[in-house]
Structures are given as C-alpha cells and as structure tokens.
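Colleague: Residues per chain are reported as follows:
Protein chains: 2
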Amino acid sequence: MAKLTGNLMFGQSGGPTSVINASAAGVFIEALGQDCIPKVYGAANGIRGILDEKFYDMGQEDMAELELLKTTPSSALGSVRYKLADPDKDPTDYLRLLEVFKKYDIRYFFYNGGNDSMDTCNKISKFMQKSGYECIVMGVPKTIDNDLAATDHCPGFSSAAKYIATSTMEVYLDARVYDTPMVCVLEVMGRNAGWLTAATSLASLKGHGPDLIYLPEKAFDKDDFLASARKAYEKNHGKLIVAVSEGIKDKNGTYISEYGSDLAKEKDSFGHAQLGGTGAVVADMLKKELKCKARAIEFSLLQRCAAHCGSAADVEETFTAGRKAVQFAVEGVTDHMVAYERKMVDGKYVCDYKLVNLSEVANTEKTIPMSWIKEDNTGLTQEFYDYALPLIAGESKPPMVDGLPRFAQLKKVLATK
Amino acid sequence: MAKLTGNLMFGQSGGPTSVINASAAGVFIEALGQDCIPKVYGAANGIRGILDEKFYDMGQEDMAELELLKTTPSSALGSVRYKLADPDKDPTDYLRLLEVFKKYDIRYFFYNGGNDSMDTCNKISKFMQKSGYECIVMGVPKTIDNDLAATDHCPGFSSAAKYIATSTMEVYLDARVYDTPMVCVLEVMGRNAGWLTAATSLASLKGHGPDLIYLPEKAFDKDDFLASARKAYEKNHGKLIVAVSEGIKDKNGTYISEYGSDLAKEKDSFGHAQLGGTGAVVADMLKKELKCKARAIEFSLLQRCAAHCGSAADVEETFTAGRKAVQFAVEGVTDHMVAYERKMVDGKYVCDYKLVNLSEVANTEKTIPMSWIKEDNTGLTQEFYDYALPLIAGESKPPMVDGLPRFAQLKKVLATK
Numbered sequence: 001m002a003k004l005t006g007n008l009m010f011g012q013s014g015g016p017t018s019v020i021n022a023s024a025a026g027v028f029i030e031a032l033g034q035d036c037i038p039k040v041y042g043a044a045n046g047i048r049g050i051l052d053e054k055f056y057d058m059g060q061e062d063m064a065e066l067e068l069l070k071t072t073p074s075s076a077l078g079s080v081r082y083k084l085a086d087p088d089k090d091p092t093d094y095l096r097l098l099e100v101f102k103k104y105d106i107r108y109f110f111y112n113g114g115n116d117s118m119d120t121c122n123k124i125s126k127f128m129q130k131s132g133y134e135c136i137v138m139g140v141p142k143t144i145d146n147d148l149a150a151t152d153h154c155p156g157f158s159s160a161a162k163y164i165a166t167s168t169m170e171v172y173l174d175a176r177v178y179d180t181p182m183v184c185v186l187e188v189m190g191r192n193a194g195w196l197t198a199a200t201s202l203a204s205l206k207g208h209g210p211d212l213i214y215l216p217e218k219a220f221d222k223d224d225f226l227a228s229a230r231k232a233y234e235k236n237h238g239k240l241i242v243a244v245s246e247g248i249k250d251k252n253g254t255y256i257s258e259y260g261s262d263l264a265k266e267k268d269s270f271g272h273a274q275l276g277g278t279g280a281v282v283a284d285m286l287k288k289e290l291k292c293k294a295r296a297i298e299f300s301l302l303q304r305c306a307a308h309c310g311s312a313a314d315v316e317e318t319f320t321a322g323r324k325a326v327q328f329a330v331e332g333v334t335d336h337m338v339a340y341e342r343k344m345v346d347g348k349y350v351c352d353y354k355l356v357n358l359s360e361v362a363n364t365e366k367t368i369p370m371s372w373i374k375e376d377n378t379g380l381t382q383e384f385y386d387y388a389l390p391l392i393a394g395e396s397k398p399p400m401v402d403g404l405p406r407f408a409q410l411k412k413v414l415a416t417k
Numbered sequence: 001m002a003k004l005t006g007n008l009m010f011g012q013s014g015g016p017t018s019v020i021n022a023s024a025a026g027v028f029i030e031a032l033g034q035d036c037i038p039k040v041y042g043a044a045n046g047i048r049g050i051l052d053e054k055f056y057d058m059g060q061e062d063m064a065e066l067e068l069l070k071t072t073p074s075s076a077l078g079s080v081r082y083k084l085a086d087p088d089k090d091p092t093d094y095l096r097l098l099e100v101f102k103k104y105d106i107r108y109f110f111y112n113g114g115n116d117s118m119d120t121c122n123k124i125s126k127f128m129q130k131s132g133y134e135c136i137v138m139g140v141p142k143t144i145d146n147d148l149a150a151t152d153h154c155p156g157f158s159s160a161a162k163y164i165a166t167s168t169m170e171v172y173l174d175a176r177v178y179d180t181p182m183v184c185v186l187e188v189m190g191r192n193a194g195w196l197t198a199a200t201s202l203a204s205l206k207g208h209g210p211d212l213i214y215l216p217e218k219a220f221d222k223d224d225f226l227a228s229a230r231k232a233y234e235k236n237h238g239k240l241i242v243a244v245s246e247g248i249k250d251k252n253g254t255y256i257s258e259y260g261s262d263l264a265k266e267k268d269s270f271g272h273a274q275l276g277g278t279g280a281v282v283a284d285m286l287k288k289e290l291k292c293k294a295r296a297i298e299f300s301l302l303q304r305c306a307a308h309c310g311s312a313a314d315v316e317e318t319f320t321a322g323r324k325a326v327q328f329a330v331e332g333v334t335d336h337m338v339a340y341e342r343k344m345v346d347g348k349y350v351c352d353y354k355l356v357n358l359s360e361v362a363n364t365e366k367t368i369p370m371s372w373i374k375e376d377n378t379g380l381t382q383e384f385y386d387y388a389l390p391l392i393a394g395e396s397k398p399p400m401v402d403g404l405p406r407f408a409q410l411k412k413v414l415a416t417k
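From first to last, the protein sequence lines stand for chains W and G.
The numbering used here applies: residue 1 is where the first sequence begins, and numbers increase by one.
The numbering used here applies: residue 1 is where the second sequence begins, and numbers increase by one.
No lab work stands behind these hints, which were simulated from the structure alone.
It is possible that some hints are incorrect.
Which copy is meant is left open, because identical chains are indistinguishable; a pair holds if it fits in one copy or across any two.
[What the hints assert, rightly or not] Here are the computed lysine-lysine pairs in the DSS-like style, where the Cα-Cα straight-line distance is at most 27 Å:
1. K397 to K206
2. K54 to K374
3. K293 to K249
4. K103 to K374
5. K293 to K102
6. K374 to K89
7. K235 to K412
8. K83 to K293
9. K291 to K222
10. K54 to K287
Here chain W stands alone, though its shape is the one from the complex (with noise of 0.2 Å):
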C-alpha cells in the first residue's frame, strides 16, 4: 500500500507533565526523517492554534534542541483545555479544522493528552472521515494521572511518582528530627484516580513512608481516620505523616477539602484562616484530635513539572511511544492511541508498544484496583509496589549548565501559506 503523503500537525493538550515534551521529540524526530511527511507543524496551544492558524514549523528547529525537549518539562508548544461540541450539534470548529488541514494539505494529525485529548482525536477523525477528507489521526497518551484505558501506564506518570516517592523520603526524614510531636499531611494531585497519591507508599519501602495513605477510590471515614492516626500517633512517639490525594471524598460523595467551609470562621492564635484545599483540612482534623501542630504540604505543580528527578525509563518509553506512532500512521494505522504493553522477559521488565483504539481510551478512566488498597484503607499492597517500581528506575534529567537546568529553546517559526 503507498504511504499516504502529506504534512503532519502535532497538538498538546491538557496539564502538562515533567516528560510531555518527550512525546514532542519523539513524533517530530521520526516524522521529520519520513519522507512521505513534507512538513511538520507543531501547533501553539494545541487545537486552538489550529482553529487560529497559528503554528509553527518544526523543520526550522535545530535537531540538538529537539532532543532538548526530552528533559524539558511543561509543554513547549503551549497546550489548552478546549473541549469541542458535538459536531452534529455545532459543527463549526470541525469545519474550520478541515478547512486549515485543506490549506496546509494536513495528512497527519496528532494529539498528545488524556481522555479527553483522545475524545477530541476520535470526532476530528470521525469528522474527517465524513468529509471524505483522507487524513490519519493518532493519539499520542500524557497524563500524570495515570488514569487512561487500555495502556499499562501513561507516559508522566512514572516521572511524577518518582519525584512524589523521593520528596516524600525526604520530608519523612525532615518531619521527624525533634523530640517533639510532629504530623504532616502530604497534598497530592488526582481528584478521581490515586496513583500519584499511591506513588508514596514507595517510600515505605525504604522505611521513609506515610503512615496512612487515603485514596479517592475508597470512601474517607473521618471516625475511621481519627482512630488510625491516632493509633499511628501513639505507636511512633509523636510523628505521624498522611497522605491524601486532593480528591478524597466521604461516603455521601462529598469532597473532604469541602469540609473546610465549616472550618473558615475558626482562626489560629495570630487570627490567621487555617485553610487551604485538602491537605490543610486533614491537617486541622489532626490538629483537633491530637491537640498538636500540624503541617499541610502540597506538592502542588511542582510534582508535575520536576523534570530534575524524572524517571529514566519515563522519558525513554514516552520519546520511543511518540516514534512509534509516527511509523504506525506512515503504515496507515488511523484512529489509534500508542499504549504501553508489561512484558516480563527473564524476570525483568520491559515496555512494549501497542495500538489501541480511540474509542475504547476517549473519556474513560481507570483507577487503582480495589483490590490494591488494604482492606482497613491505610495504604497499598504489594501488587501496587511490583507495578510501580519498574516505572521509576533509573534517573532522568536535563543538562545542567552553571548549576541550573538547559531546556530547550525552540525558535517557533510560524508557518506561513
């Protein structure tokens, strides 16, 4: 079968992660060495610079800063949260997109995200398809959430949970060096799924983990809490360290971090509000029941863009997924994303690459199996350690000049018709 000929548009979508731009350098790499790909077009904040014919040409990039991008965090093109209507609703985006494709013979189309990112893929494809326009779609996965459909992990999610097991060794070391008590309550990202907040307990295993790990899958207790911290509190003299994804909920499906509207008329010593989301309000629960001081801390964006602690194997498989795409659509694959298949060879892991359909990834979401999460809901099991320890090995970061890290500087030349 003849290779379709044409340009190719990649698009980043959604929040960003320390290895997003790994995927960049992956596609634009293998697709500017293709010669069935003329031009290659990276777009400025992911569909809407489509819609507003603002993106740039990626053949004009020096090949050394490409590979930059490996260990660049945060989207270098820009990325955008932009949902599109239902086109038989209102076609209107769908026909702008089609008329831009036409204008700059767009043969290719990629988007790099999560399951909304892969919905978004699926109806432009759909769309195309109708419009008898011949154009092959891939989604390219990202998401630090670690929830997408049919791929064994998501690339940015090892990364993220590599930097979450480190930081929290070290504040475990740091929340436990007086001979007074001292609770902390670590703040980490997921509102549906708790695979960052999980990525603690990996710091258990070097005995520098959370007592107790609460999870937005199983229901928040707060009695059941209190009894556990309690517990924990007593049994190591003073020091107790939870972690709590943002998006824990109690049994009636109320976010924990909403708690907190109660919480607001009360002040400290200093006549200071004590709340924040849901770290600051675990910590105030703690503070009442204990009688004792107790920190909130949120690893907030930091643990989304640390690429100085990525994981190697993160940054390796997500630059080979970005590939791989590329040479599934010059074969004339269409409507997939690239997944990540654990194979076990000799005992040792290995990443293999598969397709899967859009339609089977768009706008599901997989959480961490019940099963994982100890029966008491204080932490995980050794099923999530095997999955999880494979994924942060070995150590990934940027070149670092003068001390401080070299990410790429792109020069985003825009293409012009």
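Since chain W is already given, all that's left is putting chain G on it; use the hints.
Modeller: For chain G alone, coordinates are given in the frame of chain W:
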C-alpha cells in the same frame, strides 16, 4: 603544645538542611582518625541528648554509612530547639552538662547550628572555663537562611538555593502553558533574611524567573506592589509570577501574612476559606486586583530537605568545614566557628576556611545588602547573581537504588558508661 586528649561530643541543632549531615560526616570521619580523641559521640537531639545522657557511639558505625551521611538530608542524630538559660540566673543545665562531660571525659564539644546555636556554644564554653574544666568548644555552621555573620555563606544555603532556582524554572514553564491568564505566587522560607527568596532570581538568568521578588529586607508596599504586578501582568499577556519571602512586612512592621486575618471571613464559590500563609495572602491580593485565578505555591519543607537536588559545592564545602573544625580543635583552637571565605583564583571561585570568634556570630543576623535589591524593590541586582552562582555549581544527589535515594542507616548504638 601537647594535644588535649579526651572524647568528642557532636550535636545538631535547629532546623535541618539537605547537607546538615555532611557536617556530621566531616566531624565524625576526621575525629575518628585522631589519636587524641578515643571516643566520638553523637548527641541525640542536640543539647537535649547530652542533658538526658542519650548519645551514640559513632565508632560503632560503618564508615560507608558515615560517608552516606554526606547526601542524607535532615538531622540524622535528631535536632532540638532548646535555648539555654543565662548561666548566672539558672546554672542547672550547665551543671548537668559539666557532670556529663566529666563522666564521659568530653574534652571536645562541637555544636552544629545557626546563630542561636553559636550562642549556646559560647555560653557553654564560658561556663566550662569558669568551672576550671578544660574543654575545647567549636561551632560548626548550618542554616539554609544564610544569615550567619562573618562567613561568606552558610552550609545548606547553596543546596536550598539550587533547589529553589531549579523548581522556579520548572514552575515558570508550567505556569504559562495555557493561552489564558495565569498568576502564581511562590512562597519561600526566611523570616528576616531574604537570601532564599532571592535565589528565585537565579532562574531569571535562564529567562525563567519571577517577574517580581519581595524580600523581608525592604518594606512591602501593597499599592506599589499591585501597580508593578498589573504592569508585568499586562506586559506578559496575562502571565505573572511573584516570589515572596514568608517574612515580608509592611512599613509598620506588620507581617503581610497577618493581612490574612481580614480576609479570613471571605470565601470562594465553594465556601472555602482562601488563606494560609504569606503566599496565599499575596495571591488573594492579585486575584482581587487582576480579577483572575491566582495560585500560591509554598516550597515548604521541600526546600530544606531536597538532597536529590543538592549543590556539589555545598556538600563538599560542608564536609570539609566539619573536618577543618576537628583539625583546628586538636591544634588547640577553641571558642570559634569555622567559616567560609570567598577567594577568586584566576577568576574562579574558591572556598577557603577561616575561624571566627563565637561571640562575633552569636545572635547576629546577616541580611542581604540593600544595594543588592533593585531600587524599585522588584528584584535583585547583578551583585547577587555574582555572589550566588558559584555556590550552586555542580550536582549532588544520594546514590540511587531501585529508583529511590539510598540514605544513611545508622546503627545508633547508645553510649554507656
């Protein structure tokens, strides 16, 4: 002159740093090799451990674990915040220390900490002299705050600065991925000295620094700030990053974090109270002024324990300062702290070691020279860059096993008599 023969006691005091144990490694490894020091003890929780007769026999430890202390963050022996009374008013603790020193033949007392700890050293030394008990007393500097007098910089500062600058660069990239407004406030440690907050400016050298930086050294004026913020926000098309020290105050000496008390009554659309520390208060100001979302990020404990992102210069200097302290002491030096002296050799930064009298350091605080802060109070001048850049050179991190740090594991064999 004959060397004083007797045992050595080393204690860690105050807040931990990523390299505090490099001081300990230097003292222990050097002291264990000195013939005039038969026993080397490490106090559990600083002065508290001596008073309670709880300290470890460091000769029982494996040399490989002592070497690992160089890259193990947070006080491995335990720390303490305990201020000794004025010995003329209440000599109880001093008499107890003397008793323990006599019982264990402690002839070398080393204390690792900031200006409070140097004061403790000083008082103990004077008391021992008055009591006719021969004991050499040495201070070993430590503080991420970098506020010790009479030393070019402080062990622990450089690694914290490197972590802060690196994380600032990463957050900068993360905080501008979308084509929508994004305002981010970074809160950095430092009640009275702005050295750490100033370190965010190093990210500007790579084009990824905060737009505005506020230190405790200069009064914070809300109106000036909001005017500068609006200007930067508009110039950057809705992007703004501000770094603030936790200790910024207005011209009346009121901490900006205390402004929170007025705001505590206000809630967001979820009914959450919106405040925490200084960063949250400043983010709230910006939210109201610019009518946009604003996020506060606290580096919190992470900035003082992130050994995974340490400065190689810091680790090496800190270790060497520990060794030097022992070398000076066995030569008969007492009542001094080891300090750093910056030298330029062939245009290159070199760290030299010198001695400063404890009374010179005790209870004094070194803040950033006013001439290093920009006239309009929005950032730092070239002088600060020249000062700080050599300090963050080179990368240090713990050895990694299974993708996670391998920290020192001490046996902690309690000393007995």
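Colleague: Give a verdict on every hint.
Modeller: Structure-based check of each hint:
In this assembly of identical chains, K397 and K206 lie within 27 Å of each other by CA distance both inside one copy and across copies; the values are 22 Å within and 16 Å between. With identical chains, the CA atoms of K54 and K374 are never at most 27 Å apart, being 49 Å at best within one copy and 38 Å at best between copies. Taking the closest pair of Cα atoms, K293 and K249 come within 27 Å of each other both inside a single copy (24 Å) and across two copies (24 Å). Proximity of K103 to K374 under the C-alpha cut-off of 27 Å is found in neither arrangement, the shortest distances being 56 Å within a copy and 50 Å between copies.
When the C-alpha separation of K293 and K102 is checked against a cutoff of 27 Å, the pair qualifies neither within a copy, at 62 Å, nor between copies, at 37 Å. In the homo-oligomer, the alpha carbons of K374 and K89 never lie at most 27 Å apart, since the shortest distance is 46 Å inside one protomer and 56 Å across protomers. In the homo-oligomer, the alpha carbons of K235 and K412 lie at most 27 Å apart only across protomers (20 Å), although the nearest pairing inside one protomer, at 57 Å, exceeds that limit. In this assembly of identical chains, K83 and K293 lie within 27 Å of each other by CA distance solely across copies; the values are 20 Å between and 43 Å within a copy.
Taking the closest pair of Cα atoms, K291 and K222 come within 27 Å of each other only inside a single copy of the chain (16 Å); across copies the shortest separation is 36 Å, beyond that limit. When the C-alpha separation of K54 and K287 is checked against a cutoff of 27 Å, the pair qualifies neither within a copy, at 52 Å, nor between copies, at 30 Å.
Hint violations for this structure: numbers 2, 4, 5, 6 and 10, all remaining hints satisfied.
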